[in-house]
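Participant: Sequence:
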Amino acid sequence: MTTDQASLTDLRREIDAIDDAIHDQLMRRGELQAEIGRAKSSSEVYIRPGREAKVLRRLIGRHQGRFPKAVLVRIWREIFAAGLGLQNDFAIATLAGNDKAPLRSLARDHFGTLTPIQPMGSAQRVLQAVSDGAATVGVLPMPESEEKDPWWRRLTQSGERAPRIIARLPFAAEISTAGGHEALAVGLAPPEETGYDRSYLVVETATQTSRSALKKAVEDGGFTVLDWKYSAAGSGDALYLVEVDGFLGEDDPRPGQLPEASGNTILSVWRAGGYSAPLTAEELA
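What the sequence shown shows, in the working numbering, is residues 5 to 289, in sequence order.
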């Protein structure tokens with residue numbers, strides 16, 4: 005055996021040892037996830053999108069060497085999904101139809117290749133599946149203005165079983181198989197601050213209110229408006245899905261103060277959830 009061959013053999017032997025160590029840690033991680041599932045009083049999967057985002061950003065921040073960061077994200081997305089599946093039944097609901105294939109791709113990219121995906125005939129059924137516990141997460145199209153019956157109008161429902169926006173997909177565009185499409189994920193997970201957050205409000209106004217007046221009223225209430233989508237609500241009123249910068253905790257008083265502070269510009273406000281901003285191309289470079 006030549007010196008070069010001996011060196012290659014040593015390198016491959018070291019890689020085998022690394023593979024065994026990684027495998028040992030994955031098996032240990034799986035056992036810990038299963039213990040979490042057994043320790044919970046509820047039979048439902050307890051998903052924490054905020055914590056997942058923080059873990060990925062921490063790993064990207066400490067990453068060195070030539071191994072691609074995007075592949076690191078892909079691996080950890082599968083690890084997250086496998087761990088959730090060990091807790092209990094973990095399933096995703098999304099819209100059925102060939103034209104909805106990008107939603108299924110986004111769901112698989114983010115929530116795992118082997119995670120069951122339940123096709124539903126309408127957004128209402130997706131939201132109901134999440135509310136009933138038949139699905140852990142629903143994946144729905146990005147909102148657009150002037151839609152006839154936008155799914156986000158149903159986020160005005162209240163109660164512990166009312167779904168809210170919990171993530172924006174894809175979290176890393178470089179690993180997406182959905183061809184540039186995006187989506188929002190809804191679930192029952194409580195909001196969790198990550199430092200890179202965006203939040204949503206559903207705001208009801210009178211139809212004569214201009215968009216500039218709405219933006220000013222929301223920003224005067226202490227928010228930075230990033231985007232909004234419009235829907236006629238009927239009965240002379242209008243609904244806006246308003247995206248704002250930053251984290252919006254359950255105890256934040258600002259949404260409740262908006263109607264009075266706006267001087268009748270805003271009639272009602274509902275918290276609609278939020279997400280940790282996806283990784284940028286610069287972060288993954």
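Don't read these hints as lab results, they were simulated from the structure. Worth double-checking, as some hints may not be accurate.
Claimed, not checked - BS3-like, lysine-lysine: derived pairs with alpha carbons at most 27 angstroms apart:
no.	residue 1	residue 2
1	Lys44	Lys104
2	Lys44	Lys152
3	Lys219	Lys104
4	Lys58	Lys44
5	Lys233	Lys219
6	Lys233	Lys220
7	Lys58	Lys152
8	Lys58	Lys73
What you are looking at is a predicted structure, and each value in this text was computed from that prediction instead of being measured.
Participant: Just to be careful, I want the Cα atoms of Lys44 and Lys104 compared with a cutoff of 27 angstroms; is the pair within it?
Facilitator: violated, 34 angstroms
Participant: Sort out whether Lys152 lies within 27 angstroms of Lys58, counting only the CA atoms.
Facilitator: violated, 36 angstroms
Participant: Just to be careful, I want the Cα atoms of Lys233 and Lys219 compared with a cutoff of 27 angstroms; is the pair within it?
Facilitator: OK: Lys233 and Lys219 at ~12 angstroms, within 27 angstroms.
Participant: Between the alpha carbons of Lys219 and Lys104, is the straight-line distance 27 angstroms or under?
Facilitator: Roughly 32 angstroms separates the two Cα atoms, so the pair is violated.
Participant: Mind checking the alpha carbons of Lys58 and Lys73 for me, to see if they're no more than 27 angstroms apart?
Facilitator: holds, 15 angstroms
Participant: Quick one, are Lys44 and Lys152 close enough, alpha carbons at most 27 angstroms?
Facilitator: violated, 41 angstroms
Participant: Take the C-alpha atoms of Lys233 and Lys220, compute the straight-line distance between them, and say whether it is at most 27 angstroms.
Facilitator: holds, 15 angstroms
Participant: Is Lys58 within 27 angstroms of Lys44, Cα to Cα?
Facilitator: holds, 23 angstroms
Of the hints listed earlier, those the structure fails to meet are numbers 1, 2, 3, 7, in rising order.
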